[in-house]
Structures are given as structure tokens and as C-alpha cells.
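Note that the protein sequences, when read in sequence, are chains A and B.
Mapping to numbering that gives the first Met the number 0: the first sequence position 84 is 83, numbers consecutive.
Mapping to numbering that gives the first Met the number 0: the second sequence position 129 is 128, numbers consecutive.
Any given hint could turn out to be false.
Taking lysine-lysine pairs in the PhoX-like style, the calculated list, with each CA pair at most 25 Å apart, reads [unchecked claim]:
id, chain 1, residue 1, chain 2, residue 2
1, B, LYS225, A, LYS209
2, A, LYS63, A, LYS81
3, A, LYS209, B, LYS104
4, B, LYS169, A, LYS209
5, A, LYS61, A, LYS81
6, B, LYS225, B, LYS104
Simulated from the structure, these hints should not be mistaken for laboratory data.
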Amino acid sequence: MSALTRHIPASHSGLWAGPSRFRSLTEAGVGAFLLLCATITVLTTAGIILVLGLETLEFFEKSKVGLLHFLTGTVLNPEGGKYGILPLIWGTFQVAAGSSVIALPIGLLSAIYLSEYAPSRVRAVLKPALELLAGIPTIVYGYLALLLVTPVLKAIFEPMGIPVSTFNVASACIVVGVMIIPLVSSLSEDVLSAVPRGLREAGYALGATKFEVSTRIVLPAGLSGVMASFILAVSRAIGETMAVVLAAGMRPQITLNPFDSCETMTTYIVSVTGGEASYGSPEYLSLFAVGMALFLSTLALNLLSEIVLRRYREVYR
Amino acid sequence: MSLPEIPVVSASSKVPAPSGVPAPSPAPAPVPPEAGPVLAAYHLSVWYGTSLALKDVTIEIPRNQITALIGPSGCGKSTLLRCFNRMNDLIPGARTEGVILCDGKEITSPDTDPVALRRRIGMVFQKPNPFPKSIHENVAWGARINGYRGNMDDLVERSLRRAALWDEVKDKLHRSGMDLSGGQQQRLCIARTLAVEPEVILMDEPCSALDPISTARVEDLMDDLKSEYTIVIVTHNMQQARRVSDMTACLMLDEDSRDKNRIGVIAEFSSTDLLFTNPKDPRTEAYITGRIG
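So here's chain B without its partners, still in its complex pose:
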């Protein structure tokens, strides 16, 4: 697979980039939607109340690839991920500054309907959170509220097959989704997300509550899915980032931030191979070699 030319972004102004003064990222140029990045954030800062959580982040998520967000705890990986489907709206006091584009359209503007946005950008959470409803209903629920008119049984089967769960649950679709094992629950959550037919799937540490075998299954599944979907995954597991992703962004705590107020910035964003074999930023190197974080 050929990777598109994406410049390595050093978003923190405190760290001099190797080539001198870090130029501010160019303003988003008008690009045809199919060619440009599916999601992009420019100079994005996020506050929770009065404390800054994410500072001046610029990142472009390429289409039909897996982009991993790695970095130490509390550096804002999940915060960044949740900006893309405006889940941070649900947290009282959360506020963003900067530009986030989805297919070239600004999603942070008040005209954007977060409900419609979330139909296009699905999300899988860290802790498997199936609804306390039947397996069938878990998958059908999202499609139904979105006005799906086709054959629901077909959609449920197709989504469960796509999530590599069908064979394990086809005889007990009426049983509660809560009765499944952790790994099965997480694949059920993925099936539920697929049933809404989003373009992007955001995954927030989807394997951190799973055993190695379940993790391997979810990773295989992600590889399958990327031909049709764009996936952004937050992970604590650097091996996982290396195994599954095409692009990797390494987030770090800003040097300004003290213990109480942790501010995240993007230290480095490049192709996964490059980032792990030849990190440009000393902090990235320290992190991936296990010296910090």
C-alpha cells in the first residue's frame, strides 16, 4: 500500500522543529471531498472548564486507512478522538477552539447537527457497552432510530457477519447482549456501529478490556474493515499501533503543563513505519522505546 505524502506535524510551538521555525499549518485548502482527508483538525484546542486539555493540534486523517493515536496517559488522545464526533458536547463545560473538518465541512460550527454527524462517524468505546437488550435489538437499534427501512433481519445478520460474530451468536439472537463474553460484547458493539453504515469508525482503546485472543480478533477485524471505512484508534499498546495502523500520531504532555493541569499536544504524526523506526521527535523516541510513559 502506498502512503500519501503527509508532512510530519510538530504542533507544539515550544519545540523547535528540525528545520528551524515551525511554520503554522496552512489553512485548509479547498480540496475535492473524495481526495482530501476524511477528517482533519487544524489548530484545535480543547478546554474542560478553565483547564486546557489539548493545545493547538493539527492532524489530517487519511481516508480508508487506520490512524493510531498513541501517547502516555492523560495526554488527550481520547479527547482528540471525541472531538471528531462531538462527543465532548455531552461533557458540561467542554469547549473547543480551532477548526475540525469532516469531508471539508466544518463540524464545530453551530449549524452542524451533531446527531447527523454521529450517524456518519461511529464510535466503539473502551469498555464494551452493549445495550441491556437482545443481541438482535442491539444491532437493530441504531439502524431503526436512523430510519432504516430495509429487511432488519438481513441487516442484523450482515452486520454481525461483518463483525465476525455471526457464527457465535446466530442461535441466540434473542438472548441479552450482556450475556456475551467481553470480546464478544466488543464485537457486538462494532456490529452495532457497522449497522448504521458510517464512513468513519472511532475506536477508543477498544481492546484494553479484552484478553489477547479477543484482541487479535478485533485487530483482524479492523484490517478487514479498512477497505470500506476509515478507522481512528486510540491505544495504549504500542505493539498494537504498530500492528494495525498505517499512520500514527504520538501525543505528549506539553512541557508547560504541571501535574494538576495536563495539556496534550501532538509530538509527531507520520506513517507508522517511519514513526516507529525513525522517530523525528526526541519525545516520541523516548516514549516508543519505553523510557517515558
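Only chain A is shown next, with the shape it has when bound in the complex:
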């Protein structure tokens, strides 16, 4: 044995001693701390759902409104005890759909431009500039709608005999749309850039044009990420509050006229919070019921996207 041990310097003897007790403890401690951090968000979400759920149940008990009537009733008048939130659902849908129509194509096309076409110098300027849009407080977008977009709409459409109300859905769609463009473009660009260069080269080597490579190789390969950015953007549009309050107003009504005002779920919550609803009253509790509806609709959107993705995803790793 001495022949062997002689060659092991004393300073290396720790190699055979096993991990020290102190290190085992710190490793376990680090693991526990990281677990705590990871569970905080989960616990918070669970807590929110619990509170929302309990208060929502209480709302239905106190207000004597049936679930079906709550969801499909067309009259929302808390003072009169009428709680049909269909106008809110419709308003939310209008703003989300309208802003998506603006943001998804523009965002995706800018992402394709940035990732496939732009020279690196152009990208270096354009990408941060687009991301800057995301840093503007949403209330600024609201004022933009009220003081710039709506006057422009009035100037265009009122001479044609189409009345444009001061608070209107169209300007809300436009500003929310512009607001969520960077979400789509920035996330999609990251995803498209991450598609391996080998796939592009394979396409070019087969005689594909840049457009064919971009739209028929790179985009399908990055589709799951692009869809994720869409979902995030639409969720953001559904949840957007301040810009919509200032742009579209707070009148719960079901209208197809984009130049009329509307009220969304989030703006209803703002109006009730700012009003004189007393604690525990049905009007106060309706906040939670509407909040629950909002939560469930974004949840449904996420689940839907999950299903769509699973069908169309191209896995390249």
C-alpha cells in the first residue's frame, strides 16, 4: 500500500474523504431555497384563484343572479341590480380582436423582416426601437388615443357623415394594437432567429428564394414560439385597462359600430372600484365575478393555444 499512497500528495487526500458535512448541508439548503422561490408563484396563483372563487360564489348567492343570466344577460346596471355581463364580454372581444388584427400581422411581418431580411446594422437599430414601444406606460397610450387617434378618426370619417364618438372602440383597437406589436415582433424574432442556420442553407441549396425559405422553412419551424407570442399579445390585449378606459370609455353596450364606445371587463372593474360600491354589496362582489370571467377567458385561450400547438408544431431538435 505504501507504494501507492506515497504518490498521493497530502493536499489531495480530501478526494477520498467524501463530501464534507458542511457542503451537504449547504447544498440541501440551496435546493430548499430554490424550491421556495419556485413555489411562491404557484401558491400566489392558487391563492388568487381561491379568493376569486369564494367571492364569486358569494356574489351569486347575494345577487340572486343565475350563472346563465350573468353570462348572457345584455343589461348591466349594478344600481338596478342587473348583472348581465355580455356587453363586457363583447367589448373585451372587440378590443382584443381589433387590436390583434393590427398587431399580429404587423408584428409577425416585422419579425420576419428583422430575422431574415434586415442587414445586421438595420436590426441593431430597429429591434431596440420596437422594444421601446413596450416600455411606454399604457396610460400614455390612452391619452394618445383620446387626443390624437380619435381626432384623426373624426377628421376622416365625420366628413363622410359617419359620427365618431369621443370614446370609441376603433381608437382603442388601434392604440392597444400598436402597444402589443413589440410583444409579437420581439418574441417572434427571437424564435425565428433561433431556427438553425443549417435548415436555411438546406432550403437555399435546393434553389429556394429568400421568401420561400422564410415562409416555408423558418416560419413553420418556429411556429410554436410565434403562436406563444400571439397568445401573450392577445392576453395582454384582453387584460389591458388604462389605455382602453381612456380610448373606449365605460358604456356597457353591445354594438357593432366601431366608432361607438364600449366597456370591457377590465374597465368595468375600474369603474366599480372607483365608484361608491360598499364592501360586501352585490355590486362590490360583482368585481370578483367579472375578474373570474376574465381569468377563465385567458385560461381558455392558453389551453386552446396548447392544443393548436400540439397539432402543428414542427420539432427541429
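Given chain A, put chain B in place with the hints provided.
Chain B only, in chain A's frame:
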């Protein structure tokens, strides 16, 4: 097989050729397209940004033969290969000087459409890169964007058979090409290239990511294909060059180049037999006997 008389080219002016002063290669003489080399480069130099990567390369690729490009790492083999289908265009800052001809037509001129060129000159890459699409779609994709009008299923089957992959995948054509093994993926990439019906296939170390059995299959396949196609292969494996190729070009680092800026030149280009048994250039000899590289 009789080899055409191709002169041994010593492209680096720094190295005196055995017969005295190296004469500059003759300007491309007008030859009938079917008789002359299918691809040729004369005095080709390539820059990436400001650094020279390939210097004064002259080479003529004979039709319906396999030409191997060998040489140590970083000597510009892949760069030369990618000049032939203008893949270097995709790299920002890449620039070429000199003349490259395909069937006697200059391909570096601005009038040449690189898209049309790449339809005639297919390429197989070092790392198998099937599309994340079904096996069927992998083969059909290139043909479809090139406006193929015939029966697609037939074309897919024919191409997969030609690439010796059909029997292994015929029952799972709808499965993703990414699910195949590395060797199968590389043959799928070859099938995809064949489906476009090119004249030339450029192969950039096609077997370096494959095991010996898959390598043997790809090599057999190349031998099959050369009756219809001209193949240019870059390889690190000198045994492979010797096994599969008819002509071999040995590229070397130019003596001028320092560590930072590696400049490739052609040390020797001749028939494979000759190059491996009786190398003319001392650097080639040193490389193939394993003393350098």
C-alpha cells in the same frame, strides 16, 4: 475508367513548380459544354471581410466523376465548395475574385441568378439537416418549390430508392425526418437533393457525423450516383478520398498566412491514384503520410 488528361496545378506562386516558373493557368478556352469540365474556377480568391480565405485557386471539375477536396482544417475546402453554388453569398462580407464557370457560363457575374444555379448544383451538408417535416415532405419540398408538375409520390419513391433509403422508410413516410438515425437523415438529405434533379452534387464532409456503417452506405451510394451526376466531396478522411474519388485536390495553408489569418491554396490537383501514390508537392506528401495536418 480512363481519366482525362488534367494538368497538375500548382496554384501558389510561392512554391516553384518542378518545371521552373509556374505558368499562370490559361484563360478558359471556349469548349463545347458537354466536353469540358462541368465546373471550373480560375484564379479564384475569396475574402471574408478583409481577410483572405482562399488565394488564386484554379481547378477544373470533370464531368461524371467524383472529385475530392482534402487538406488540413481551415485551408478553405468548404469555402471553395461553397463558391460553386454561391452559398457564400449568404455570409455577410464574403467576396470573390476570379472566374467560376458552370458549363462554360460565368456564375459569379451579377446576371447569374443564384437561385437558378442552386437548382442545378445540389448540396449535402456536414451535419444532416432534414427539415422538421415528414419524410415525404422533406423530399417533395425542393421539387415543389421548383415547380415540379409530375406525380409527387412517384418522385419521392424514386428519389428515396436512389438514395438507398426507401426500404427503411417506406412504411413511415408521414413520420418526421428528424426521427431517423443520423445515417438515415443524411441519405434523406441526399434523396431531397436528387429530387430536384441537379447536375452536380456538392458534399461538404457528408460522413463526418456518421458511424462507419452509415459511411460505407453513403460511399456506395456516391459510387452509384456518379454515372449520372458529377460529385465534389470535401473530406477530412484521406482513406475516404482514396476509396471514392477519381480526382483529388489537396489544399494547403499558404506559407504567408499566420495563425490569425489562414489562407488556403491548392497544393496539388491530379488523379486520386497519382496523388496518393506519387505526390508531386512535398506538402501533399507530408499531409497524406500524416506528417502534417
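Hint by hint, here is what the structure shows:
For the hint pairing LYS225/B with LYS209/A, the CA-to-CA distance comes to about 30 Å; that exceeds 25 Å, so the pair is violated. The suggested pairing of LYS63/A with LYS81/A holds, with an alpha-carbon distance near 10 Å, which does not exceed 25 Å. Straight-line distance between C-alpha atoms of LYS209/A and LYS104/B comes to about 24 Å, which keeps the hinted pair within the 25 Å bound. Between LYS169/B and LYS209/A, the direct Cα distance comes to roughly 31 Å. Violation of the 25 Å bound is thereby established for this hinted pair.
Straight-line distance between C-alpha atoms of LYS61/A and LYS81/A comes to about 13 Å, which keeps the hinted pair within the 25 Å bound. Annotation: proposed proximity of LYS225/B to LYS104/B holds, straight-line Cα distance about 22 Å (limit 25 Å).
Consistency with the previously given hints fails for numbers 1 and 4, ordered from lowest to highest.
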